Amino acid sequence: MTNQRDNENPDRRGFLKCMAWAGAGTLLMMKGGVLHARVLGLDAGTEAKDATFSFAQISDSHIGFHFAPNPDPASTLRGALAQVDALPVRPDFLLHTGDLTHLSRPDQFDTLAGLMQESRAGKGKAFYVPGEHDVIGDNGAEFFRRFGERQQPGGWYSFDHRGVHFVGLINVLALKAGGLGFLGNEQLAWLKKDLAPLSAETPVLVFAHMPMWALYPAWGWGTDDSVEAMGYLRRFGSVSVLNGHIHQIQQKVEGNITFYTARSTAYPQPAPGVGPAPGPLKTVVPDRLHSYLGIRSVRHVQGKDALAITEGVMA
Amino acid sequence: MNRLACAACLLSTLAAWTPPHAAASSRVPAEKSNQIEIRNFMFTPKTLTVPVGAKVVWINRDEEPHTVVSANGQFAPSKALDSNDSYVATFGKPGTYVYYCTVHPFMTGTIVVK
Chain H
0 MTNQRDNENP DRRGFLKCMA WAGAGTLLMM KGGVLHARVL GLDAGTEAKD ATFSFAQISD
60 SHIGFHFAPN PDPASTLRGA LAQVDALPVR PDFLLHTGDL THLSRPDQFD TLAGLMQESR
120 AGKGKAFYVP GEHDVIGDNG AEFFRRFGER QQPGGWYSFD HRGVHFVGLI NVLALKAGGL
180 GFLGNEQLAW LKKDLAPLSA ETPVLVFAHM PMWALYPAWG WGTDDSVEAM GYLRRFGSVS
240 VLNGHIHQIQ QKVEGNITFY TARSTAYPQP APGVGPAPGP LKTVVPDRLH SYLGIRSVRH
300 VQGKDALAIT EGVMA
Chain Z
0 MNRLACAACL LSTLAAWTPP HAAASSRVPA EKSNQIEIRN FMFTPKTLTV PVGAKVVWIN
60 RDEEPHTVVS ANGQFAPSKA LDSNDSYVAT FGKPGTYVYY CTVHPFMTGT IVVK
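Protein sequence lines correspond, in order, to chains H and Z.
Take numbering that gives the first Met the number 0: the final residue in the first sequence is number 314, and no numbers are missing along the way.
Take numbering that gives the first Met the number 0: the final residue in the second sequence is number 113, and no numbers are missing along the way.
Hints listed in this document are in silico derivations from the structure and should not be mistaken for laboratory results.
None of the values given here were measured: they were computed from a predicted structure.
Since no wrong hints were added, every one of them can be taken at face value.
Calculated lysine to aspartate or glutamate pairs in the EDC-like style (CA-CA distance at most 20 Å, straight line):
| no. | chain 1 | residue 1 | chain 2 | residue 2 |
| --- | --- | --- | --- | --- |
| 1 | Z | Lys78 | H | Glu141 |
| 2 | H | Lys122 | H | Asp106 |
| 3 | Z | Lys78 | H | Asp137 |
| 4 | H | Lys175 | H | Asp223 |
| 5 | H | Lys281 | Z | Asp81 |
| 6 | H | Lys175 | H | Asp224 |
| 7 | H | Lys281 | Z | Glu62 |
| 8 | H | Lys191 | H | Asp223 |
| 9 | Z | Lys78 | H | Asp106 |
Coverage of chain Z stretches by chain H, computed from C-beta distances (three or more under 8 Å per stretch; other residues unrestricted):
| no. | region |
| --- | --- |
| 10 | 36–45 |
| 11 | 58–69 |
| 12 | 78–88 |
| 13 | 98–105 |
Have a look at the derived ranges for each label pair, beta carbon to beta carbon:
| no. | chain 1 | residue 1 | chain 2 | residue 2 | range |
| --- | --- | --- | --- | --- | --- |
| 14 | Z | Arg60 | H | Pro285 | 17 to 27 Å |
| 15 | Z | Gly94 | H | Gly78 | 48 to 58 Å |
| 16 | H | Gly78 | Z | Thr43 | 30 to 40 Å |
| 17 | H | Ala217 | Z | Arg60 | 18 to 28 Å |
| 18 | Z | Gln34 | H | Pro216 | 20 to 30 Å |
| 19 | Z | Ala70 | H | Pro87 | 49 to 59 Å |
| 20 | H | Pro196 | Z | Ser85 | 50 to 60 Å |
| 21 | Z | Lys113 | H | Arg234 | 51 to 61 Å |
| 22 | Z | Lys92 | H | Gly162 | 55 to 65 Å |
| 23 | Z | Thr109 | H | Thr282 | 29 to 39 Å |
| 24 | H | Ala81 | Z | Gln34 | 37 to 47 Å |
| 25 | Z | Lys78 | H | Lys281 | 18 to 28 Å |
Cβ atoms here follow ideal geometry from the backbone N, Cα and C, with glycine treated the same way.
Just chain Z, with the same shape it has in the complex (with noise of 0.2 Å):
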């Protein structure tokens, strides 16, 4: 009973968060700009610049799977992609993140933080 009247509370709470996050997902198109499309063994954009906290997607449009890491660790590192698989990073400091896929590590791109 407790434990409804805790979850019911919680969706409350979500319930009374709703103009927070709606004014967020209002920024949805912004970020979408922020997506990196995986096709025939190459990230596209090869390079993206992007503002301090933006969150960057990958999305794997291959049929052969890829991963996305960082050449020297500065984030964390997906998992395999499958096939529509989609991974996203958040880069909260500015800098340049040079990534690679480590299935085939010729396909390479940068993500550029300002």
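Only chain H is shown next, with the shape it has when bound in the complex (with noise of 0.2 Å):
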């Protein structure tokens, strides 16, 4: 098991802070479950031509959001999905890895529905997971009653596509007083009868909000359950898994299984254990905010048996 976590390994956390300041773009490239990564514009280009499709990731766009150090994170979700507009290779489909809105009020999920229709990424297909933030109230309704593809009652989903298999994870729901995150019983019977019929050459990429790795159990992130759902994955040669939540980049290789967290739309949080508390990093001056923020894309590569990650950051 490797752990690159960046806090624990000098050279990970020197690169991931020179990527966040300077805002370099980066492709990282899992291959057997190893992580390479390439800054953009040297050699990435050639490999993103040999793509068979892509896909663009964003998160945490936290609609309703209103303190420093980002007042009006509509704005920079707009950046966000501009940037997608404009990647080279137009992706498939856009990822939103939850916490759509700050507050689940309506209101909210309604700037957020506008902003994707003002998008060409937006408004094509899109796939959501909540957040902890969209399931305030209602456990979700409203969410789902909007966002949810409606394949399983708990909200949960998967499909297949050019190959690949992708599943969306619910792990923001029922959520025990003193836990972290969450799938239930229910879930992961479902998820385990969802993977059988595949071979283990199936790529396989799961989806949610909070991590499903115990990356920071005292700031609640990570998944109670999310072992047990790492054990059906563990046969499968190339699992990748992407989550918003903790609004940084951190990865961590386990085997065949590669976890990815996303930066946010609209502010980001200490790193692990820095400071008294998760929350937005207030201290970050205006004209560097854009740097803390990001869009990912994804490139599927045939015959390669990896998925290409690319980290855009909105500088």
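With the hints as a guide, dock the two chains, each given alone in a separate frame, to form the complex.
This is the structure we're talking about:
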């Protein structure tokens, strides 16, 4: 097991810091469960041409947040979507990994939906999973009514796209006092059944809002029963797990499973354990905010047993 | 006209009730100590002991929304509390009430009613 959390690996930390502050795009490629990073614009472009398809991930837009360091998350989401629209290769679809809104209010969902309609990528096919900010007070009823895939009563779903099996999991409901993110037995039973007919060669991409590994449990950054889910995924040759929630890039490789957390389009949060609590990083200088925000694009290269993951900052 | 008269009547009734109300508000300082601050993703104090019938006030000092929800449905849940929003619950029966924030379930607190 390799742990590439940036606060535990000095090289990785230095690299990510540089990336976040300098605003350089990076291509992350997974080959046989090992992550390779290349700076965009060097050799990365040629590999992008091999892609059979690509998709983009955005996360944590927190529409309705109105404090430092970003009193206007609608405009930064608009910027992120424009960045997706400007990608040299048009992504097949968009993935939003949750916390669309800050307080689950209908007007906040309206704003989000309106901004998506302004963008070519947002107007196209988009897949969503809720964050804990999207399910406050109604267990996600409003979220699922507007953005749900309606495959399963619990809101989780899967689909196949050009040979890759995608699974959208819900880990922000029925949370227990003192606990972390939670999948629950019903969802785990479904996942086991959903994966059962797939051959081990099928690339699998799982996405959920909260980290699917114990990233920093003291701040709630993890999912109580993610180990069971990972147990079902271990037999596959290539598994990528995307999530949001922590508003910064962190990676971890565990056998053939690689975990990636995404930046927010609204505001950054502190590195794990830095400061008294999670929450918006208020000390960001306004003109540096964009270098902490971003989008992610993922390309699938046929026959290469790998997904190439590119981080784009909004600077 | 009748409605106005009625309103006036109500107002005067309310006015007439001012003395007992004033008496009640004189107890406010005692109730103020039943305040729980939510700051840095923590309920402070984490455990609060109050007499039967006490009103407890939670106030969110974070820029993140929080909720106050009984772990086993013993009292009514709050809505999402934005910054500086507050929530009040009255505890009529003795017991131990464990609650948490459903947005950040690692945040827990306890009200002991004696």
